[in-house]
Amino acid sequence: MSRSSDEIVYGLKRDYLEKISSGGNRIDGRKFDEYREIKITTNFVTRAEGSADVRLGNTRVLVGVKIEQGEPFPDTPNSGILTTNAELIPMASPTFESGPPNEDSIELARVVDRAIRESKMIDLDKLVITPGEKVWVVFIDIHVLDYDGNLIDASTIGAVSALLEAKVPASKVGQEDFQLPINHIPVMVTMAKIGSNIMVDPSLEEEEVATARISVATDENGDLVAMQKGLSGSLTVEEIFKAVDTSIEIGKDFRKRVFGR
Amino acid sequence: MSMVSNIKLIDENGLRIDGRKFNELRPIKIEVGVLNRADGSAYIEWGGNKIIVAVYGPREAFPKHTQNPSRAIVNARYNMAAFSVDERKRPGPDRRAIEISKIIGEALESAIFVEQYPRTSIDVYIEVLQADAGTRIAGLTAASVALADAGIPMKDMIVGCASGKVDGNIVLDLNKEEDNYGQADVPLAIIPRTQEVVLLQMDGNLTREEFGQAIEMSKKAALFISNLQKEALLAKYSRPEEKEEVKEEEAEQENHGDDNHE
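For the protein sequence lines, the chains are B and L, in the order given.
Following our numbering, the numbering of the first sequence begins with 1 at its first residue and continues without gaps.
Following our numbering, the numbering of the second sequence begins with 1 at its first residue and continues without gaps.
Rather than coming from a laboratory, the hints here were simulated on the basis of the structure.
Misleading hints may appear alongside valid ones.
[Stated by the list, open to error] Below, simulated DSS-like cross-link-like pairs (lysine-lysine); rule was C-alpha separation at most 27 Å, straight line: (1) B:Lys242 with L:Lys102; (2) L:Lys29 with B:Lys120; (3) B:Lys13 with L:Lys220; (4) L:Lys176 with B:Lys242; (5) B:Lys252 with B:Lys242; (6) B:Lys134 with L:Lys89; (7) L:Lys230 with L:Lys220; (8) B:Lys13 with L:Lys219; (9) L:Lys102 with L:Lys21; (10) B:Lys242 with L:Lys29; (11) L:Lys8 with L:Lys21; (12) L:Lys220 with L:Lys29; (13) B:Lys242 with B:Lys126; (14) L:Lys155 with B:Lys19; (15) L:Lys102 with L:Lys29; (16) B:Lys39 with B:Lys167; (17) B:Lys13 with L:Lys102; (18) B:Lys242 with L:Lys219; (19) L:Lys102 with L:Lys8; (20) B:Lys39 with B:Lys172; (21) B:Lys134 with B:Lys167; (22) B:Lys120 with L:Lys8.
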């Protein structure tokens with residue numbers, strides 16, 4: 001398809017989605033605050049210290065957690081290390097290309113990382129082997145397998161699920177393996193603005209026509225721990241607060257229903 | 001946000017480590033047209049930040065497959081000089097810089113009439129020469145001015161300011177120490193005319209109420225900084241005009257003189 005016919009189809013789609021949204025509808029029949037179905041299979045990759053295969057509607061993301069020994073950062077000698085990486089592999093979408101991480105995969109990894117790090121989900125102070133010399137490094141690797149929108153939430157759900165299952169392989173240093181110490185559970189909720197409406201968990205079709213995107217992560221106290229606005233459209237302050245309130249509400253539900261906490 | 005504070009960031013009089021009040025900005029100075037080759041440029045000093053921005057374009061987008069037949073693409077490149085921070089930064093874009101470039105580009109694009117320049121790119125180069133917390137917002141604020149200097153049509157000049165939480169207080173425009181040891185950071189940028197938000201990030205820990213305070217504080221400060229942007233542009237573009245006016249007056253006087261002589 002040539003670029004110009006792409007443009008026409010895009011314009012028609014955008015007009016259609018904006019039109020139905022003004023009547024309170026979405027293209028797949030969901031309500032504005034309704035998520036797609038979430039299915040999580042943990043321990044999918046038994047060779048990893050923790051893993052989760054997440055399906056959010058037709059989006060599928062596999063998150064693996066590896067925990068290895070490493071040197072602490074000089075400014076945090078008595079703290080373990082958290083590192084997050086995301087790969088948008090060509091298998092997941094005709095628009096993904098192989099090669100080094102691009103700005104989309106870097107933003108995805110950094111936003112997921114922010115929710116986990118800033119909520120202080122992992123008790124990194126308990127991941128010290130020899131103070132100042134050797135600590136446990138927690139690697140979160142996000143592998144996008146099937147892209148149908150909202151990678152940020154699917155990846156965060158996957159990362160949190162995988163971390164909740166993860167075991168620190170302390171037997172490698174002559175101690176007993178132990179469950180990764182967890183303090184908090186962050187929940188990230190991403191919303192898209194189409195026309196003048198904000199809807200949660202945008203599908204790919206919705207993402208393509210959205211003008212702005214906002215992701216808000218909360219902890220179990222209802223406090224905000226991370227936020228990211230995306231795309232080149234704007235949001236009013238009222239829309240941002242609506243997004244914050246929606247995230248707090250959905251966070252409560254998710255912690256119980258999805259993570260059982 | 002992760003480091004533990006051993007320093008007292010707010011003193012018993014409610015003043016911050018650099019003597020500012022909670023809602024007080026650091027000094028800001030903006031200069032327009034500081035580079036010769038660029039189509040537009042600006043320099044900003046914001047506290048200890050020193051940032052220079054160049055704009056090139058609209059020019060033919062390259063490589064060609066990046067061209068969009070219906071609008072211009074906006075490429076922002078945020079880059080920190082190796083010597084801009086205490087410990088030398090390895091040159092070249094790291095993951096942080098790539099993310100910041102992306103969100104600054106998106107924010108600038110929201111104000112530019114991109115549909116007027118199909119198949120072109122508008123390139124915005126933001127070089128952080130000295131960093132002192134709040135570089136993304138300072139860079140973006142200067143970038144807007146540089147775009148205006150380049151004559152690129154925009155809805156408005158976007159502008160921003162960060163605020164955050166320090167020793168349990170919501171404060172405006174964090175400095176380096178507050179950024180390192182504070183409890184939250186919220187960079188915000190708006191379109192001043194409509195006060196719509198075009199850039200927003202947050203990390204740390206804030207209640208909903210604290211977040212509301214932070215947004216209000218940043219918004220108010222952004223509107224103030226918006227005036228500094230306009231003043232900087234006026235300072236460049238009113239000077240030559242005034243000179244021309246003076247010349248015209250002189251010419252008129254000469255003419256009158258001639259008339260009188262006759």
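Okay, the hints, checked on the actual structure:
1. B:Lys242 with L:Lys102: holds, 25 Å
2. L:Lys29 with B:Lys120: Violated - the C-alpha atoms of Lys120 (chain B) and Lys29 (chain L) are around 37 Å apart, more than 27 Å.
3. B:Lys13 with L:Lys220: Measuring from Cα to Cα gives roughly 38 Å; hence the hint is violated.
4. L:Lys176 with B:Lys242: The given pair, whose Cα atoms are some 32 Å apart, is violated under the 27 Å limit.
5. B:Lys252 with B:Lys242: holds, 16 Å
6. B:Lys134 with L:Lys89: holds, 24 Å
7. L:Lys230 with L:Lys220: holds, 16 Å
8. B:Lys13 with L:Lys219: violated, 34 Å
9. L:Lys102 with L:Lys21: violated, 33 Å
10. B:Lys242 with L:Lys29: violated, 36 Å
11. L:Lys8 with L:Lys21: holds, 15 Å
12. L:Lys220 with L:Lys29: holds, 18 Å
13. B:Lys242 with B:Lys126: Roughly 37 Å between the alpha carbons, so the hint for Lys242 (chain B) and Lys126 (chain B) is violated.
14. L:Lys155 with B:Lys19: holds, 25 Å
15. L:Lys102 with L:Lys29: Since the Cα atoms of Lys102 (chain L) and Lys29 (chain L) sit roughly 25 Å apart, the hinted pair holds (cutoff 27 Å).
16. B:Lys39 with B:Lys167: holds, 22 Å
17. B:Lys13 with L:Lys102: Holds. Lys13 (chain B) to Lys102 (chain L) sits at ~25 Å (cutoff 27 Å).
18. B:Lys242 with L:Lys219: holds, 18 Å
19. L:Lys102 with L:Lys8: violated, 35 Å
20. B:Lys39 with B:Lys172: Given pair Lys39 (chain B), Lys172 (chain B) is violated - Cα atoms ~33 Å apart, limit 27 Å.
21. B:Lys134 with B:Lys167: holds, 18 Å
22. B:Lys120 with L:Lys8: holds, 22 Å
Consistency note: the structure conflicts with the earlier hints numbered 2, 3, 4, 8, 9, 10, 13, 19, 20.
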